[in-house]
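Here the protein sequences line up with chains A and B, keeping their order. For the first sequence, the numbering used here assigns the number 763 to the last residue and increments by one with no breaks. For the second sequence, the numbering used here assigns the number 442 to the last residue and increments by one with no breaks.
Just so you know, the hints here were simulated from the structure itself, not pulled from any lab data. Because the structure is a prediction, the values reported are computed rather than measured. Certain hints may be false.
[Unchecked claim] Footprint (simulated), chain A over chain B, 3 or more residues, beta carbon under 8 Å:
| # | segment |
| --- | --- |
| 1 | 84-93 |
| 2 | 160-171 |
| 3 | 216-222 |
[Stated by the list, open to error] Cβ-Cβ distance ranges computed for the label pairs, FRET-style:
| # | chain 1 | residue 1 | chain 2 | residue 2 | range |
| --- | --- | --- | --- | --- | --- |
| 4 | B | 253 | A | 336 | 25 to 35 Å |
| 5 | A | 148 | B | 255 | 30 to 40 Å |
| 6 | B | 276 | A | 528 | 41 to 51 Å |
| 7 | A | 228 | B | 140 | 38 to 48 Å |
| 8 | B | 226 | A | 336 | 28 to 38 Å |
| 9 | B | 79 | A | 501 | 34 to 44 Å |
Where is the CB? At the ideal position from N, CA and C, for every residue including glycine.
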Amino acid sequence: MRLLLLYRLVLVFCLPASVCVALVAVDPAHVGKPSFEQDVYPLLDRYCSKCHEGNDAKKEIDLLRLESEEEAFEHPELYQKAAWALWRDTMPPPLAEKQPTLEERELLLRWVDEVLTPRQGFQPSAPTLRRLNNREYKSAVRDLFQVAFEAEEFFPADNVSSGFDNIGSALAMSDMRFEKYVEAAEIVVGKAIALDSPEHLPVVHIGGDEMRGIRATDSLAHFYTNATATSEVYLPRDGVYRIRMQGWGRQAGNQNCLVRASFNGGDLTVWDVSSTRSEPGIYECEAILDGGEGVLAISFLNDYFRPKTDTSEKEDRNFYMDWIEVVGPIDAPEKTLFQKNLALRFPESLEGRRLEKTLEHLAFQVWRCPPAGEEVQRLLEIAGEQSPWEAAVRRGLEVMLVSPRFLFALEPNPPPKKDPGKVRDLSPFELATRMSLLLWGSVPDEKLLRSAAEGALSTDRGLERAMSRMIHSPRSKALSQGFAGQWLQVRNLKTAEVDRELFPLFTESMRHSMAEESLRLFEHVLREDRSVWELLDADYSFLNEELARLYEIQGVEGEHFRKVDISSSPRRGLLGHGSILTVTSRPTRTAPVIRGKWVLENIVGSPLPPPPPGADSLDEDNAANTEASLRKRLEAHRQKPNCISCHSVMDPIGFGLENFDPIGAWREEADAFPVDAAGTLLGGQQFEGALELVQILRQDDRFLRCVTEKLATYALGRPMNPQDRPMLQSVLNNLDPEHPTLRQILLGIIRSQTFRQRTVLRS
Amino acid sequence: LTHSTFSRRKLLRGFGSALALPLLESALPAQVALPFQSRPTRLVYLYVPNGVHLPDWWPEREGKLEKLPWILEPLQSFQGEFSVFGGLTSDKARANGDGPGDHARAAAVWLTAEQPLKKDGHIGLGVSADQIVAQSIGHQTRFRSLQLGCEKGGNAGQCDSGYSCAYSSNISWQGPETPASKEVNPRLVFDRLFRGGNTAAGRAASAARLKERKSLLDFVQEDARKLRVQLSNADGQKMDEYFSGIRELERRIAFAEKDFVAEVPDSARPLGRPADYATHVRLLMDLLVLALQTDRTRVATFLMANEGSNRSYRNLGIREGHHGISHHGNDAEKIEKIRRINRFHIEQLAYLLGRLQDTKDGAGNLLDTTMLVYGSNIGDGNRHNHHNLPTLLCGRGNGSLLPGSFKRYPDETPLANLHLALLDKMGVSAKTLGDSTGKLSL
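Please build the complete structure, drawing on both the sequences and the hints.
Dropping the structure here:
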């Protein structure tokens, strides 16, 4: 690793800012602990004092106020913060005149790690009590009950913070959300266990005046001619329904009124309506109907009219409908898979203990922790009021699904209360939940809970085995969707605004295809244990026909995705994906600044400070002007001293990707100007076009650090903070320099104290 | 209610179908028997993002509204029903040392008048004006308040310069860390407010469900109590939100048991979320009117689009994103587009005012009893500023408002003063709200 890192050091593109990644590589030639007064303070004075000294210190971080080690020990967080900024290359700023040398950075970090931090002891900061987010809720009920429930549509949106939707402190529980949990539990349990409904209720009751396509007065539909009236109805499931209609005829001629009922175009019956106004009749039929939205139609078939003649009165047969309703489903519902399995597992032969055993088992699964006897008794009390067994189980489950034990990833301080500040190991069940939320975006399965109960998660080996199994389970797709989908922001494709007139290839299905390509690459690298670098420089991708058409790659037909060799195309890895190129563009044009910023934040992991006040609109100012290329216009206005320091870091990266249009198609010209995708990065490296840019990024170890930091944020459900630096560094140190993989990163995180322990905080 | 009173109900069957129109128009009879004698005052807030093009917003002179500026022209027929307020400022939406993020701050501060906490992974704000009212008088209705919006929010990445996405997608805040969630799907709004009440069978089913819910709440409350003592401070606060949810639902159940409210037929149930933006907006507005008319609630907010929204208004032939063109840099073409978007939003407001006016409420109509604030917490979208905010106050507030004029308040008058004044008219006594300095004289 060391050699490799030092070698890379020559190549990293933003030299002054990136060297500290290589710090681990520096041979600690000078052993012995650094001292604050002699080693650290002079460095702070030299490199930080311009902005971080005195009363007007930026961000109120005064690094020069405390002059002795004694005093510094009183404020460890101040120096941890400084070390964190140094380590992440956010400070000193990239364009600062003076940049510390490698050894100097090393010295400062060593003082923090070896002298300062050990004094307070390691205290892993725990995430704030995490509620299952909508994504996790959906997966949990799918995995627990094999129930499809569109939680993301049903619940209010989760608050995204630190780039992810699973940050405990940001996941609020509003009154409305709680109410929806109660309702969701009823819906989910209703789907999990099919029961005969005690009475058959009308699904819908439609008044005659509510039908479409027919005249109505006084809530009565008037069929004066052969006409059809329709109404949309929603049926809860496939099944047998009873259709009831009240109507009557003004009879004439030699037939009664004939009235046909049909559903979604299929005839159900023809009623012979003989009743008359004085005594309307109710007509019924039963039919097997498809669940979901459908159209119910009523047609009058045999209109008859004979004008008045000398010998007879006028004859006019008309039909009138009061209402129609659909009742049911009236057939016994088919038992669900979950229900059948449960009944096999807890057969009637258990007799008196059947319900108790069932509830105990389910509570273990749903609450992710064995329930105490007293809890089982309470469940039994509330569920036992219902019969039969299935109705009681349903009731028990409803309660379990609203309980905080299901909705939150609870890590309560075990009674008796330990001393605040003390660090404790997570219980095996808490650990199992953290793992399954990370790897599956869901709750643990039975096997994982069993491993937890058997103590298998308490060893490194056991953790690794459990993790391997979980990664290879289809459920780990959630990691690519939940983690990669947010890290890479491909989730935003769902709402990306693209001008369809300018970019007709960007269809609704393209949104999905683009996202799929990136998620599949991530999944492939994860499951096949490929090098993380392949995310950046893979010369293959996962394409279907429409993506291949966008990329001008021949021979890919059909909607399905397959691995395709793209080595002869100018695309490599994620930065050639339509997904990322689209979410970093404006609806009508590319936005090189956004692309550059995106790469810095998500690939390099060194976000720039936000723009100074009033600077934000410069980008847009001249965008409509077409007298010069976008590049020339952007270059012209970033010359302002306020802007140049950051834009000279961001913009060249974005320009390097200019051959990709706003939806990622290759282009040689933009707005009638030839694309100029050459650039010079802040460190002086020159490149020509995306391929060379990717090659430079490919040499920059900050990518590994960035992926690790993002994954750890997602894994812990909280933003990384200065205290996490040693953990992150240790994960990085344990990567195989020749072949770093996502697995190694995940394992490093899962094995860390931060993941496996928590600090007991004051109640 | 009898069926015969639903005169034009058949129109409703068109909902959400390919035509998507007509909307909830006349879902209810003209007369609804409400469970109270006197007509209550309602409070509604409507928010539009990215500021407006102010030169086409301000009327020429103060005093009685005469010739309306271009953007406000769609309100021509409501000339005597609304006022334009100038000079109002939202200081807490300014950076005040927190750097960029004006969009996130704008939405968050509009009704809270508190500086949002800018800290990675954290949320911290205040309680919004509508929620103060909801918490104070909301117990009089089945729902304390209603929060609607057109965009769900929750995109990946940073929403606005390091602020949590919660800020730019919520104007209603139940607590400093808890946005009062909003609903964007018309069908779900309908189900929550109205479903199952119009048939005897539906009512019987809901009564049975209420009873079961009560014992469920007892159970989980005990669970939560036991756990609460084992949690640290921050975790405990999350659990307190959970308790608040329990209490509110308990109140609702108790209310439903004794309450008579006007029922809405299930046949009015919308099918889902219309793809067309204007239809979506109007459908939600219909539901809002219906909620007020049937006294489901007296307080509502409606976020027409999340703050900073980059929606393309293709229905207006505008292909670029709204946020992008709001930074128009004085480009004439962009200004033209931004004006049209602003006016389009006002057309939607006109639709809502029309619906309120057409809805009978006692001897008058719903617009008479409503106070509706329409505005943005960004003034000039090009500059991201937060003073001289575009603000309309519509309706007559049960006789407590005298609409029909353009008033310019002194510069830097806190917008919160308007909130405070309206709170007062809602019968909620609050001495201050955020950075308020007193009640605005209306």
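Tested hints:
no. : hint                          : in the structure
1   : 84-93                         : violated (count 0)
2   : 160-171                       : holds (count 6)
3   : 216-222                       : holds (count 5)
4   : 253(B) <-> 336(A): 25 to 35 Å : holds (29 Å)
5   : 148(A) <-> 255(B): 30 to 40 Å : holds (33 Å)
6   : 276(B) <-> 528(A): 41 to 51 Å : holds (44 Å)
7   : 228(A) <-> 140(B): 38 to 48 Å : holds (46 Å)
8   : 226(B) <-> 336(A): 28 to 38 Å : holds (32 Å)
9   : 79(B) <-> 501(A): 34 to 44 Å  : holds (38 Å)
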